[in-house]
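Produce the entire structure from the sequences given, and follow the hints as far as they go.
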Amino acid sequence: MIFAVDQEHFSGPLGLLLELLQQKELEITKVSLEKITEDYLGYLEANDVPPEELADFLVVATRLIYLKSRELMPYLKTAEEEAEVQSLEDQLRLYRLFLDAAGKIEEQFAGSHVMFAAQKPRVVQDEAPAFVASEAVTPTVLHEAFGWVLKRLEPFFALREASMERVKSIEERLDEMRQAIASRASMSFKDVVRGAKSKPEVVVSFLALLELIRRQIVRASQADEHDILIERL
Amino acid sequence: MNELAAKIESALLLSGRPVSFTKLASVFEVKAVEVESAVSALMEARNREDSGIHVVVANKAVELATNPAFAEALAAMSKQEVQSELTRPQLETLTIVAYRGPITRPEIEYIRGVNCSVILRNLLMRGLIIEKEDATRLQNMYSLSTEMLRHLGLHDVSELPDFSSLHQNARIQQMLDALTEESDV
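Chains as they are written, first to last, in the numbering used here: chain S, 65 to 297; chain D, 7 to 191.
Hints were generated in silico from the structure; no laboratory data involved. Hints are all accurate, no fakes.
With a straight-line cut-off of 20 angstroms between C-alpha atoms, the simulated SDA-like cross-links for lysine to any residue are:
no. : chain 1 : residue 1 : chain 2 : residue 2
1   : S       : Lys168    : D       : Leu97
2   : S       : Lys215    : D       : Asp140
3   : D       : Lys29     : D       : Glu42
4   : S       : Lys99     : S       : Asp154
5   : S       : Lys168    : D       : Asp168
6   : S       : Lys168    : D       : Pro167
7   : D       : Lys138    : S       : Phe220
8   : D       : Lys138    : S       : Leu217
9   : D       : Lys66     : D       : Ala11
10  : D       : Lys138    : D       : Arg111
11  : S       : Lys215    : S       : Thr204
12  : D       : Lys138    : S       : Pro219
13  : S       : Lys168    : D       : Thr93
14  : S       : Lys132    : S       : Leu271
15  : D       : Lys66     : D       : Met49
16  : S       : Lys99     : S       : Gln155
What the simulated footprint calls covered on chain S by chain D, stretch by stretch (three residues with Cβ under 8 angstroms from a Cβ of chain D suffice, anywhere in the stretch; the number is not a length):
no. : segment
17  : 75-85
18  : 112-120
19  : 158-167
Pairwise CB distance ranges (calculated):
no. : chain 1 : residue 1 : chain 2 : residue 2 : range
20  : S       : Thr204    : D       : Ser43     : 40 to 46 angstroms
21  : S       : Ser176    : D       : Ser26     : 26 to 32 angstroms
22  : D       : Gln180    : S       : Asp164    : 15 to 21 angstroms
23  : S       : Ala110    : D       : Arg177    : 32 to 38 angstroms
For glycine and all other residues, C-beta sits at the position ideal for the given N, C-alpha and C.
Spelled out as structure tokens, the structure:
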């Protein structure tokens, strides 16, 4: 018996966003995206997203959380960030265009309009062997060809590694925060992001914090206007 | 139908597989543009309801095929297995390649918002799309294969539903161009 493992079960993060919007009968707007952020994160929690796609799902998650965080801190908005919000909406609209088109292709694919091409004549058994290597084929040539094949596979594995690293960064952050909070009763979000080198890193920390709250490991409250107080539960 | 078109038709019958415009040009010692216009004439003459032979063009190569209207009757005779089902992500990726091909992997991934390397490899292995290296962009470009077009019963990608609105959409182009600029920086 053959087990068919379908690794391509998920339609991707954008597909999930559209589905969530549709469930709530919402249009593609900034406000709608904020409304479904919780559902999106909930989905990631409840389902096993294939590891090689997890990074892409998390990128969209950080973009959503980022959107929400900007509503809490409107004075932090910059023109560049406005463009970012615009682009998530645009990307969704673009994706939906092709999703609609895919429906039509599917009908066409299933329909019986196949145009057959000439069938190759089968080699008669008595004739010469089916495979004769040309003189140009030498062990060196084969060796080179195989090297070329391996080289072509490189980007594929590099990509997998890069994507795993991105996932790891959130998980590592989560562990770091958990350990930090375990060693003392409370800390502030500013402490957590003090060592952050880039904006994405701050976003990742914020995502990790939300995750800890969700798992009921910590409780967070507004310390003052500029900081969050994190307490162990 | 002019003489060159008739010659091309004979060559295609003999070959039994897609033949590139450049190959035809060298065989008949004519310019590639002459081949292109002769192929258009051949398509016009053959791609009709009352013709048993139809002509399919993809990626600057041309192939003879049966009339799509006879698919059901001929299926029993053909050893060519009708493709099994596509998964959702495969279908989406195939659609993007169909409407926007030749297209690079980063562009496809931008539209789908998710890494597509595995899916593209599967589609390539099934012969539904083809991969060609673009000399100027130094990137692999993907487009629909002749085989896939024949399976859909189309003579050319331009016969896809709403082809021009998706293929020449200014907004899409603008977004994909922005993506290229980003990666160039």
